[in-house]
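The first sequence finishes on residue 716 if you use the working numbering, and the numbering steps up by one all the way, no holes.
Keep in mind that the hints were calculated from the coordinates and are not lab data. Since no wrong hints were added, every one of them can be taken at face value.
Straight-line distance between alpha carbons at most 30 Å, and here's what the computed DSSO-like set of lysine-lysine pairs gives:
hint, residue 1, residue 2
1, 575, 556
2, 452, 509
3, 556, 576
4, 576, 618
5, 556, 618
6, 575, 618
Simulated restraints, written as ranges between beta carbons of each label pair:
hint, residue 1, residue 2, range
7, 623, 677, 23 to 31 Å
8, 545, 455, 22 to 30 Å
9, 470, 694, 51 to 59 Å
10, 572, 675, 30 to 38 Å
11, 515, 564, 34 to 42 Å
Every residue gets a Cβ at the ideal spot worked out from N, C-alpha and C, and that includes glycine.
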Amino acid sequence: MPELPEVETVARTLRRTLVGRRVEKVVRASPLMIERRSVRRLVGQRIDVVDRQGKWMFLRTEGNDVLVVHLGMTGWVGVVPKETEVVPHTHLRARLDEEGQELRFVDPRRFGEWTVMSQPAWEGRFGPKNLGPDALTCSPDELQARLKKTTRRIKPTLMDQRVVAGVGNIYADEILYQARLAPMRPAHSLKRDDVERLHAAMVGVLAASIRDGGTTIQSFIGSDGREGGFQERLLVYGRAGRACLVCESLIQCSPAVVAGRSTYWCPGCQPAKGRRLGRPKARHVVSHD
DNA sequence: CTTGTGCCCTGACCGC
DNA sequence: TGCGGTCAGGGCACAA
Numbered sequence: 428m429p430e431l432p433e434v435e436t437v438a439r440t441l442r443r444t445l446v447g448r449r450v451e452k453v454v455r456a457s458p459l460m461i462e463r464r465s466v467r468r469l470v471g472q473r474i475d476v477v478d479r480q481g482k483w484m485f486l487r488t489e490g491n492d493v494l495v496v497h498l499g500m501t502g503w504v505g506v507v508p509k510e511t512e513v514v515p516h517t518h519l520r521a522r523l524d525e526e527g528q529e530l531r532f533v534d535p536r537r538f539g540e541w542t543v544m545s546q547p548a549w550e551g552r553f554g555p556k557n558l559g560p561d562a563l564t565c566s567p568d569e570l571q572a573r574l575k576k577t578t579r580r581i582k583p584t585l586m587d588q589r590v591v592a593g594v595g596n597i598y599a600d601e602i603l604y605q606a607r608l609a610p611m612r613p614a615h616s617l618k619r620d621d622v623e624r625l626h627a628a629m630v631g632v633l634a635a636s637i638r639d640g641g642t643t644i645q646s647f648i649g650s651d652g653r654e655g656g657f658q659e660r661l662l663v664y665g666r667a668g669r670a671c672l673v674c675e676s677l678i679q680c681s682p683a684v685v686a687g688r689s690t691y692w693c694p695g696c697q698p699a700k701g702r703r704l705g706r707p708k709a710r711h712v713v714s715h716d
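Take the sequences, apply the hints, and build the full model.
The following block contains the structure:
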């Protein structure tokens with residue numbers, strides 16, 4: 428469930444609590460998720476930088492290695508006092524040079540990733556061919572150029588991390604709703620003003636969620652132990668059968684738009700291609716300020 | 001190229 | 001109270 432805003436929330440906490448510290452000793456590393464060679468490469472290294480691109484975190488060490496962290500669905504990473512209770516599914520405990528502090532990685536579902544690799548290996552795996560520009564900093568022009576190249580529907584395209592990095596199922600629905608675009612519209616059919624609305628909605632929704640510390644639906648907890656607040660501002664996700672807050676049409680839910688993934692949208696505000704949009708409403712994009 | 005399916009995995013939830 | 005079934009979904013492999 429962590430998407431860009433949740434990962435950014437975690438990254439900001441790690442910049443405060445982990446950057447500049449050295450991993451002195453790994454107390455425990457579960458072979459279920461963490462390779463021995465990753466542990467070997469990490470021990471003795473200082474974490475210098477926490478980068479984030481989309482849902483991926485890249486922690487650079489002084490030895491020019493990269494600790495790749497993905498939270499998957501249920502991942503949690505953070506720095507805690509070593510006495511802190513060890514919760515189930517804690518896959519890594521590492522002692523830091525800061526007295527009594529421990530770096531921990533927890534992931535019940537094990538959809539996450541925790542790998543230490545060399546810089547060249549990192550470049551091979553996360554080059555521009557494999558991971559698109561971060562959704563927060565992708566320009567409207569770049570977004571349009573990327574959407575133009577494919578006949579796929581806009582929702583799966585937006586969720587394709589090679590196209591733009593950071594948007595998952597929940598935010599895709601919120602973004603398309605605010606942009607008044609039907610999720611099944613072919614990506615290459617979007618006109619300039621469609622893309623401009625899409626870009627504004629994408630940046631607006633993601634930034635608003637970051638300000639709220641992310642969305643906590645089932646499980647997301649920040650590195651500082653706090654839940655997010657954006658779940659209270661979701662306008663379509665999870666609202667199937669309820670009235671649209673703008674036009675009062677019933678919110679639809681279908682798993683058919685993206686294979687196996689639930690998709691929520693408003694048939695009134697997000698008409699399929701061919702139907703004209705209704706009278707534009709100045710306040711359609713709900714302000715999160 | 002596209003779409004669909006299934007897998008990984010656990011916990012929350014629902015109906016009986 | 002308990003038990004089995006279903007669902008959730010990020011990323012990926014694979015088939016059509």
